[in-house]
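Q: Listed below are the residues making up each chain.
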Amino acid sequence: MSVAPPPSGEGATAHPDTWTVRVREAAVEALPPEKLLPDGQPTYVASWIYVFGVASIASLIVIIASGSILALKGPAWWHDTGVGHFFNSIHMWSVELFFFVMVVHLWGKFWMAAWRGGRARVWMTGAVTFLVAVPCALTGYVSQQNFDAQWISTQAKDGLNSVGVGAFFNVTNFGQMYSYHVLLLPVAVVALVSAHVLLVRRHGVVPPFELDKRRVALAASGSGEADSSPEPATGAQT
Amino acid sequence: MSLLSPKDDTQPWKGGYAPYDLIKELCIAVGVIGLLAVVLTVLFSSPDDKPSTIAQWSREQPVNFIATAAKELNGTSDTAEYGPPYNHSSGSVQHFLFLHPQRWLGVSHPINTAEDYVIDPLRTIPGDPALTSAVSEYQAAPEKTKKEWGEAYAKPLEEYETAIEEKKAPPKTVALDPSTGAVTVQASGTGPVPALMAGLLGLAKSGGLDGSLLTSNQFFQTDYTKPLLFMADGGLLGERAEAQHLLGEQWGMMNETGSYPGQAWLWLYTLWYQVEPIKSSSNADIQVMLIMGLLSLAFVCIPFLPGIRSLPRKIPIYKLIWKEHYRSQQSV
Numbered sequence: 000m001s002v003a004p005p006p007s008g009e010g011a012t013a014h015p016d017t018w019t020v021r022v023r024e025a026a027v028e029a030l031p032p033e034k035l036l037p038d039g040q041p042t043y044v045a046s047w048i049y050v051f052g053v054a055s056i057a058s059l060i061v062i063i064a065s066g067s068i069l070a071l072k073g074p075a076w077w078h079d080t081g082v083g084h085f086f087n088s089i090h091m092w093s094v095e096l097f098f099f100v101m102v103v104h105l106w107g108k109f110w111m112a113a114w115r116g117g118r119a120r121v122w123m124t125g126a127v128t129f130l131v132a133v134p135c136a137l138t139g140y141v142s143q144q145n146f147d148a149q150w151i152s153t154q155a156k157d158g159l160n161s162v163g164v165g166a167f168f169n170v171t172n173f174g175q176m177y178s179y180h181v182l183l184l185p186v187a188v189v190a191l192v193s194a195h196v197l198l199v200r201r202h203g204v205v206p207p208f209e210l211d212k213r214r215v216a217l218a219a220s221g222s223g224e225a226d227s228s229p230e231p232a233t234g235a236q237t
Numbered sequence: 000m001s002l003l004s005p006k007d008d009t010q011p012w013k014g015g016y017a018p019y020d021l022i023k024e025l026c027i028a029v030g031v032i033g034l035l036a037v038v039l040t041v042l043f044s045s046p047d048d049k050p051s052t053i054a055q056w057s058r059e060q061p062v063n064f065i066a067t068a069a070k071e072l073n074g075t076s077d078t079a080e081y082g083p084p085y086n087h088s089s090g091s092v093q094h095f096l097f098l099h100p101q102r103w104l105g106v107s108h109p110i111n112t113a114e115d116y117v118i119d120p121l122r123t124i125p126g127d128p129a130l131t132s133a134v135s136e137y138q139a140a141p142e143k144t145k146k147e148w149g150e151a152y153a154k155p156l157e158e159y160e161t162a163i164e165e166k167k168a169p170p171k172t173v174a175l176d177p178s179t180g181a182v183t184v185q186a187s188g189t190g191p192v193p194a195l196m197a198g199l200l201g202l203a204k205s206g207g208l209d210g211s212l213l214t215s216n217q218f219f220q221t222d223y224t225k226p227l228l229f230m231a232d233g234g235l236l237g238e239r240a241e242a243q244h245l246l247g248e249q250w251g252m253m254n255e256t257g258s259y260p261g262q263a264w265l266w267l268y269t270l271w272y273q274v275e276p277i278k279s280s281s282n283a284d285i286q287v288m289l290i291m292g293l294l295s296l297a298f299v300c301i302p303f304l305p306g307i308r309s310l311p312r313k314i315p316i317y318k319l320i321w322k323e324h325y326r327s328q329q330s331v
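Read top to bottom, the protein sequences are chains A and B. Sequential numbering of the first sequence, starting at 0, is according to numbering that gives the first Met the number 0. Sequential numbering of the second sequence, starting at 0, is according to numbering that gives the first Met the number 0.
No wet-lab data here; the hints were simulated from the structure. Source: prediction; values computed, not measured. Every residue, glycine too, gets a C-beta built ideally from N, C-alpha and C. Careful, some of the hints might be misleading.
[As the list claims (entries may be wrong)] Restraint ranges, calculated between C-beta atoms of paired labels, are given here:
(1) Leu21/B / Gly174/A: 21 to 31 Å
(2) Leu182/A / Phe97/B: 51 to 61 Å
(3) Trp47/A / Gly206/B: 32 to 42 Å
(4) Glu241/B / Ile63/A: 30 to 40 Å
(5) Gln273/B / Lys34/A: 44 to 54 Å
(6) Ala263/B / Pro32/A: 37 to 47 Å
(7) Glu275/B / Ile63/A: 36 to 46 Å
(8) Val82/A / Ser295/B: 33 to 43 Å
If we strip away everything but chain B, and leave its shape as in the complex, we get (with noise of 0.2 Å):
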């Protein structure tokens, strides 16, 4: 007997046989299963909350929207610091001692935030020589000039928007016109910069941007990487998902709109999240993915892990489930 071969002299069964219709049994669960899906079905239906759009986020938070926009230009939101598999930034790279998986597999769905985002989609705008001109002229200019510019025109907007998150009386440097849904952002050195953001918000109100975001040399279009993660970046679907209780440490995605079950087998892959140090750690998603990881293989290898493999024997439910046999044997 070895750690991995424990002792086992179970024996094949010798005892009795009953009359078992294997067939009949599969079909008449089959029937149940099958009702049951359709009881919960008729009594509880199933979720559908329509997705959201860029065009009904630019709507309903056009300054959220713009400012959102001015990141992904200035290269400063959470998409532009990603890192692999988006880009070669930093910001959300993980690793886990001597191991860089995510750095490892490297770039392999480019996303460049400023030319994807801003610049690529208004040079499809047709027909407005202010707005070619606003965009060449950003194009010519150096990347420190760029950075100056978009840092001039974000920095109100951010002021906007804690005062808005921590419920002050917004700054007057940033003004909505609610019959327009027009954002005027009052800074200086800010170059063309309130110029394209104009030109986007007007796209993306339109639509324009939804469908302009899924571009590329196909016609037929499945991948809406760039789409989400702009739309990530901003705070409509935050805003959705908290109402909806599905934010991380609302137990997060194992959750689905509404009050359904969700993912409810995610449960301790969910766990990990919620506990400190995993839940305070910049590295939560690698380590909660490794402790899965680990797990899962245990899992599989139960019945050659010491300890664990006894427990069936030690903990005697078995007597229950064998109640009837031992019962027999018993009388025998």
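So that you can see chain A by itself, here it is in the shape it has in the complex (with noise of 0.2 Å):
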């Protein structure tokens, strides 16, 4: 028995009161596919400073691609094998990367006041990922089963211990790290990222603060006496 498909471009329009379309017409509104997987960029948009958000993303990608691999093999497996530690050492280092390029990101987004324009829950969702993303590190750091795990958990205890965290958080207990650590804090990173990406997608890059001509002049030539002159004619407050 075959099933007729459904006919096509009608299913937008044919039940106009259901949830799904209801969603579905307001997530299109909000992210055309034009908007959400742009081919072109503002032109402004010309600088070393804007590799470094979606080099956060590649690290992220290759963190989350190492410690599969890790997770697939089981916790015990990078201290017998060789294969095992270098793939340990590949999720180390995507972690340090992570957190530098990340951290450059954040300075260059600060520095742009890259929350003008509506864009002040792009700011928080990129924060509260820096901020989520430490756990998560720390996490891994006391699931390493060997006597750095030993060490950074005995101490940062004392820490959650003071502000009660550790009744219900307790970095000794390695089941409940390793737990936060594979999933629920990778999960919180990744929803974070993709609810930020999804923002920037959403509301554009930041443009440039504008200037009036003379100002113009002067921060095209890389002077800094700009800064003493007037006010920036229009968008700069804020």
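Join the two chains, each given in its own frame, into one complex according to the hints.
A: This is how it looks when you write it as structure tokens:
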């Protein structure tokens, strides 16, 4: 028995009151395909600082890929084999790279005042991503099953206990920390990064401060004198 | 315009667009970062110093092990006096003004150091009537007597540890037989405590105590709270940590063994522990956590913080970032 396919192109308007249609229409309105995956970008996006945003995502991808390989083989594998240690090293260095490029990215966005033009949520999701990435890394350090894990967990417990967090987040409990490290916190980081990227795509990359003609000339020449000139003409109040 | 909703007339971009391949850029970035990670791996690998065990500790530092175990039995170790979430003591309970979150959250991981670290493991040793009798004698004694026995036994050990720490000649009341690793403590009024400690040292050396401290009503175990806290009360972990520049005054847990970068992103958190009056405060941990909590909140809320949100316009680093843009505007 064959099933007839739904009439193409009619699904979007056939049942306008369904939840599915409402979600779809809201999603497409907020992020039409050409905005979600653009093939052009504003001409002012012309600096190496912009590389650090995509580098942060790339580092996260390498972290997840190397971490997945470690997870497939179990937490003891990397102690016992050279291949395991190799992937653990890639995992560790990609984490170091992730934090490095993310911090540069955050500083870059701070100096652009990237929250302007209704982009506060873009900044906030990025900042929270950084804050959630910290315990994500910490749970990795205390799940290593080596001397570092022993020392870091017995030291970290005091700070967490002092504010009551230790009552439900026990850094000396390997099983709990491993669960947080391979599932709960990575899911949170990926969800935050996804929200952050979608917000960037929706609002676009923050435009430059608009300057008057004299300040433009000074900025173009790279002179710091522009700083003492009058207020920017438009769009610069933060 | 309100304080939290600043004047912001940033306009949507009406200028030109340049061709851009988002997916290609991401793929190249993944390739470059992956390659960098591989190069760093090949050059530097990653640290993996073997963990310490209670067996190793008891063999290498039998006097320290016995001294620590005596404190656990007597209820005077760091863990025994810690407080929540391990017990109802108050030695490590911190507060800030009216905030007592450590106390409020209560005892969630109960540890009775005498029972969990000494008595219960000794009960697992079969075929030793003298030891069984010593355990029974200790358990049957009144609390006051237990305390007197424990203090009488612990005092020479503390003197021995202090002398070693200060690099002085240790007192002769504690004797270590290098060939067997047996520890003899010369003290009177110690009751069955020497027999308990000798039994525990033997169990620890055999590796039995490592497993015993993980035992609960489950077969599979993943919670290392008890053995880790027991070892942290002793000297081996701290000794190794000092040698690897990991102590608190050496910027602590943000480092890791060897010369690896560790958790460098924790630098601000660790910084507060190096600064007076926090450095010498008995509530240092909660103070640092609260400071970092406030700073984290401020970090997230920068778009709404007067003064901070205006810094990027006042310090014109943006002119370097958008130099090409301003140059093209000038030419137009």
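Q: Please go over all the hints and tell whether each is borne out by the structure.
A: Results for each hint:
no., hint, verdict
1, Leu21/B / Gly174/A: 21 to 31 Å, "violated (40 Å)"
2, Leu182/A / Phe97/B: 51 to 61 Å, "violated (37 Å)"
3, Trp47/A / Gly206/B: 32 to 42 Å, "violated (56 Å)"
4, Glu241/B / Ile63/A: 30 to 40 Å, "holds (36 Å)"
5, Gln273/B / Lys34/A: 44 to 54 Å, "holds (48 Å)"
6, Ala263/B / Pro32/A: 37 to 47 Å, "holds (40 Å)"
7, Glu275/B / Ile63/A: 36 to 46 Å, "holds (42 Å)"
8, Val82/A / Ser295/B: 33 to 43 Å, "holds (38 Å)"
Checked against the numbered hints above, the structure breaks hints 1, 2 and 3 and satisfies the rest.
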